[in-house]
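Protein chains: 2
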Amino acid sequence: MPSHTQLWIYDTTLRDGAQREGLSLSVEDKLNIARRLDDLGIPFIEGGWPGANPKDGQFFAQLQQQPLRQAEIVAFCSTRRPRCPVAEDVTLAAALAARTNWVTLFGKSWDLHVTESLKTDLNENLSMIYDSVAYLRKQGRRVIYDAEHWFDGYLNNPTYAVQTLEAAIRAGAEWLVLCDTNGGMLPHQITDVVRTVSQWLTTLNLDNLPRLGIHTHNDGEMAVANAVTAAIEGATMIQGTINGYGERCGNANLCSLIPNLQLKLGYNCLPAHKLASLTETSRYVSEVVNLAPDDHAPYVGLSAFAHKGGIHVSAVERNPSTYEHVEPDAVGNRRRIVISDQAGLSNVMAKARSFGLQLDRTNPTSRHLLQRLKCLEDEGYQFEAAEASFELLMREALGQRPNMFDIHGFQVHCERMPYGTGTVNHSPESPASSYSLATVKIAVDGKNLLHAAEGNGPVEALDNALRKALERFYPELERFYLTDYKVRILDSAAGTAAKTRVLVEFSDGESRWTTVGLSPNILEASYQAVVEGLEYGLLKLRSQVKAKLVACQS
Amino acid sequence: MPSHTQLWIYDTTLRDGAQREGLSLSVEDKLNIARRLDDLGIPFIEGGWPGANPKDGQFFAQLQQQPLRQAEIVAFCSTRRPRCPVAEDVTLAAALAARTNWVTLFGKSWDLHVTESLKTDLNENLSMIYDSVAYLRKQGRRVIYDAEHWFDGYLNNPTYAVQTLEAAIRAGAEWLVLCDTNGGMLPHQITDVVRTVSQWLTTLNLDNLPRLGIHTHNDGEMAVANAVTAAIEGATMIQGTINGYGERCGNANLCSLIPNLQLKLGYNCLPAHKLASLTETSRYVSEVVNLAPDDHAPYVGLSAFAHKGGIHVSAVERNPSTYEHVEPDAVGNRRRIVISDQAGLSNVMAKARSFGLQLDRTNPTSRHLLQRLKCLEDEGYQFEAAEASFELLMREALGQRPNMFDIHGFQVHCERMPYGTGTVNHSPESPASSYSLATVKIAVDGKNLLHAAEGNGPVEALDNALRKALERFYPELERFYLTDYKVRILDSAAGTAAKTRVLVEFSDGESRWTTVGLSPNILEASYQAVVEGLEYGLLKLRSQVKAKLVACQS
Chain A
1 MPSHTQLWIY DTTLRDGAQR EGLSLSVEDK LNIARRLDDL GIPFIEGGWP GANPKDGQFF
61 AQLQQQPLRQ AEIVAFCSTR RPRCPVAEDV TLAAALAART NWVTLFGKSW DLHVTESLKT
121 DLNENLSMIY DSVAYLRKQG RRVIYDAEHW FDGYLNNPTY AVQTLEAAIR AGAEWLVLCD
181 TNGGMLPHQI TDVVRTVSQW LTTLNLDNLP RLGIHTHNDG EMAVANAVTA AIEGATMIQG
241 TINGYGERCG NANLCSLIPN LQLKLGYNCL PAHKLASLTE TSRYVSEVVN LAPDDHAPYV
301 GLSAFAHKGG IHVSAVERNP STYEHVEPDA VGNRRRIVIS DQAGLSNVMA KARSFGLQLD
361 RTNPTSRHLL QRLKCLEDEG YQFEAAEASF ELLMREALGQ RPNMFDIHGF QVHCERMPYG
421 TGTVNHSPES PASSYSLATV KIAVDGKNLL HAAEGNGPVE ALDNALRKAL ERFYPELERF
481 YLTDYKVRIL DSAAGTAAKT RVLVEFSDGE SRWTTVGLSP NILEASYQAV VEGLEYGLLK
541 LRSQVKAKLV ACQS
Chain B
1 MPSHTQLWIY DTTLRDGAQR EGLSLSVEDK LNIARRLDDL GIPFIEGGWP GANPKDGQFF
61 AQLQQQPLRQ AEIVAFCSTR RPRCPVAEDV TLAAALAART NWVTLFGKSW DLHVTESLKT
121 DLNENLSMIY DSVAYLRKQG RRVIYDAEHW FDGYLNNPTY AVQTLEAAIR AGAEWLVLCD
181 TNGGMLPHQI TDVVRTVSQW LTTLNLDNLP RLGIHTHNDG EMAVANAVTA AIEGATMIQG
241 TINGYGERCG NANLCSLIPN LQLKLGYNCL PAHKLASLTE TSRYVSEVVN LAPDDHAPYV
301 GLSAFAHKGG IHVSAVERNP STYEHVEPDA VGNRRRIVIS DQAGLSNVMA KARSFGLQLD
361 RTNPTSRHLL QRLKCLEDEG YQFEAAEASF ELLMREALGQ RPNMFDIHGF QVHCERMPYG
421 TGTVNHSPES PASSYSLATV KIAVDGKNLL HAAEGNGPVE ALDNALRKAL ERFYPELERF
481 YLTDYKVRIL DSAAGTAAKT RVLVEFSDGE SRWTTVGLSP NILEASYQAV VEGLEYGLLK
541 LRSQVKAKLV ACQS
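Which chain is which? The protein sequence lines are A and B, in order.
No gaps in the numbering here: position 18 of the first sequence is 18 in full-length UniProt numbering, and each next residue is one more.
No gaps in the numbering here: position 217 of the second sequence is 217 in full-length UniProt numbering, and each next residue is one more.
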């Protein structure tokens, strides 16, 4: 175990990560993420490509006014264009205008790319690399050289690939980052190539040996493995993105890489006390970029330390290493005991504890709750993915579910306007115009309320009508919004008459909770789940307020 | 490159994959997936744990009546309980009752688990392994021995871990599968341990050397890398799941593993022509389990070969290897660029052939259809799992979609009766009584028809009203029934206002077909899909009748 060696983590979420299809960042988003990464203790943060993107120019300008606390913010740019004097190159000028200490300059290592993409000759490419690095150095910048397509290039034409690195070294690059740009390498190839490059560097007899870095993509699902492999072979700069965002299949996921390197291999990456902020950082970034977090992500996912089944649960409670590869606390995640029809009493107890509820094994309520749970799951309810509904059920059994409102039924009317003739489907030329109206009858504090609202569809109409009725009493409702909606038919042989199970997810921008509804009527099931989602959000908010009051008083 | 070595892929989607939080499979779902995996050419399919789960028992019983074509279906079970005679063990009896040729038996390799989980002594565990394997062999089963927690066990107490394997070998296990149950291993550890075990096996001088397998989990984002590493060290059975489903962070993802092994390392895994069905299989399974596919998944994701504009696109068009690690066609995926592409066209052609429709590449209809398809998929339609809708679309373009009826809108009214006070949910004592009424207006042969019907829910009411209107003209409708109904929200940030996609499956008792509907209004989307489902059934029946007539006349 190569213990206590220092590694430099280099985050490129704001540049390579933003290449992910469907992800777009405002300047404000970028600043928020950069500050969060700075807090986490990431030493290098690539901020963008100022020449290629006007937003990135603004981002660097704003950071000059309010600099980060510790991290080096890095500008990214390409080598000068072919046959163009370096001082006249606009992207290099833009990179300099970002006024960072460090610039990452990328150049071509693969002869195929020189002739196919740049459409120039191999010698000119070497000059482009040399000139660009030397120019940045002369302007006082420190240079990280990204050798694009390094591995493909080296495997196809090692002699030429090595010449490109030599050009960067001679011009004064301090780091050489070996990139698997197409993401297709396998770990044993990384081992061979990084080892060879590492040995070659020592033969150069330089006073200031440039250091090696690694930049990997996930097209073969190997990005994290390849980066770890390169670190073991001596690469000390490790590039990646939060949550593995990036073009195509993404970049190496720092949320997996960092704990693998630090907890398992003993490298120093982040300050030791910062690693516990990793889960929060991952979820924060996913909120900022507005992508649902991957619940099954290693280390930081909601399910990463989730346990099912009785024996399993009691074993993990006695000795966590029986079913956990690391302690969830180490990365700021937590163990979750999953409720399902395999649940035993120990699951229910563990769950109550995690909700902050007092429940002990001898309490008859515990057994009653377990019976109730199994009975509801037999009917088709599913609490595994609907913890909020389960918490409400538990609070009810314990007399800790305050009555916020009573439901007295609803009506829904939907109408699809007639339109011409022809087939019903796939006709964007004659879009269906449909109309949905919902009426709900509910009571708050004994007052009967009848409210109606329209919507794009019946579920939205119901949600709107409910909010209209409740907002006077609970104005905080407007902070919750629905983030996911899933429907599953249960007894499929019954066809359209079958029971439907609806899972609904709400968020208040910080956390998410899921509720469940069940009925042969899909609208009824949706209504149940939406009602409980709103109720749970209100309860949660109240207990937070209460906790704050207690904290102030004490 | 260890070329042309045969590997045996072992799929455990139906057992370990089903452990994923939020995933639940009906017997019908399991049968559908098993048949699809059989088609793909997977040689071993683990069907479930018959002792632990009543559903799994039914699954094996149904497969006895309608066996798979080629794949071996495998029952999973644990070693006998401590101090219990093997012939009295209920889970072993259940595994035998599944009547498979192969049984996978798992046992403990890690001394900690023997004492902490099983609460027995180390010698008894060795007897449990020996007795269980020997008993299964005596009953005529072939045995795959899963060494649970192998790597943790070996690293903690190698002497004992090796004794557990010896017990399995002496009793007649044909495969020894080394499991990284907690998913925390790194590739260099896999290399060391698998190499050592491999060397140890050769020192045993056995006539029938058991073969090695590998089973990995993704808690360190290393599942695929670890499995590939084990293959390089000589493991020949590779276990994993479609889309990497599995407990916590999942199992090794076969959709990445198989192409890595077959395309990059030259192993034989699937029949060569089957690899191109991988993307379709991945998406099919994600539809059956009702989980959104990961667009950024390696090889099979929608974005896996997506290219953005400019130089990049022209370079990739001149020479795909500039930005693609493999050819997307090889795994049945396609390059996605703005302009229309040949790969897409060939898919359309192939599809037409599979529907028995004449369509050739030079026909402008082909290009028109491709454009239309892309346009609809951009809107959110998905035809991967809705081939009946796609066939209707294709027939329409070719003028081969007879007009059976015209749709002139619908109305739906739903009402949930008031019922007392209290919480809306989980109240089996006071079941909700709800009422749904639908009115449809359609035309057949120019005749306008207005019909109303009730139902358990709005979708059933719509289905009933449609049938009522059509049955006089198409009495054969009564032979079709709805067998599945799935809903997914598309742009989840829009909450209840988001677009919903409904997939509906019909059956006539012999075959099944699936249609798709899309709308912000869930009832509208359901209606679209149901209407197309009925239309497709009628069309299909007519062409069968026609084919029979032709056969009689000739």
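I should point out that these hints are in silico values taken from the structure, not numbers from a laboratory.
A hint or two may mislead.
Which copy? The list can't say, so a pair holds if one copy fits it or any two copies do.
[Unchecked claim] With a Cα cut of at most 25 angstroms, we get these calculated DMTMM-like pairs of lysine to aspartate or glutamate:
#, residue 1, residue 2
1, 447, 295
2, 374, 510
3, 540, 174
4, 138, 415
5, 119, 324
6, 351, 484
7, 499, 510
8, 499, 327
9, 55, 88
10, 274, 121
11, 351, 116
Outcome of the hint check:
Proximity of residue 447 and residue 295 under a CA criterion of 25 angstroms is satisfied in neither setting, with 41 angstroms inside one chain copy and 49 angstroms between copies. When the C-alpha separation of residue 374 and residue 510 is checked against a cutoff of 25 angstroms, the pair qualifies neither within a copy, at 31 angstroms, nor between copies, at 35 angstroms. Taking the shortest alpha-carbon separations for residue 540 and residue 174, neither the intra-copy value of 48 angstroms nor the inter-copy value of 55 angstroms comes in at or below 25 angstroms. For the identical chains of this complex, residue 138 and residue 415 are neighbours neither inside a copy (62 angstroms) nor across copies (66 angstroms), given an alpha-carbon limit of 25 angstroms.
With identical chains, the CA atoms of residue 119 and residue 324 are at most 25 angstroms apart between copies only, with a shortest distance of 19 angstroms across copies and 52 angstroms within one. Only within a single protomer do residue 351 and residue 484 lie at most 25 angstroms apart by alpha-carbon distance; the minimum there is 23 angstroms, versus 33 angstroms between protomers. In this assembly of identical chains, residue 499 and residue 510 lie within 25 angstroms of each other by CA distance solely across copies; the values are 24 angstroms between and 33 angstroms within a copy. Taking the closest pair of Cα atoms, residue 499 and residue 327 never come within 25 angstroms of each other, the shortest separation being 33 angstroms inside a single copy and 40 angstroms across copies.
Only within a single protomer do residue 55 and residue 88 lie at most 25 angstroms apart by alpha-carbon distance; the minimum there is 22 angstroms, versus 71 angstroms between protomers. Proximity of residue 274 and residue 121 under a CA criterion of 25 angstroms is satisfied in neither setting, with 47 angstroms inside one chain copy and 41 angstroms between copies. Taking identical chains as interchangeable, the C-alpha atoms of residue 351 and residue 116 lie at most 25 angstroms apart only when they sit on different chains, with a minimum of 22 angstroms there against 55 angstroms within one chain.
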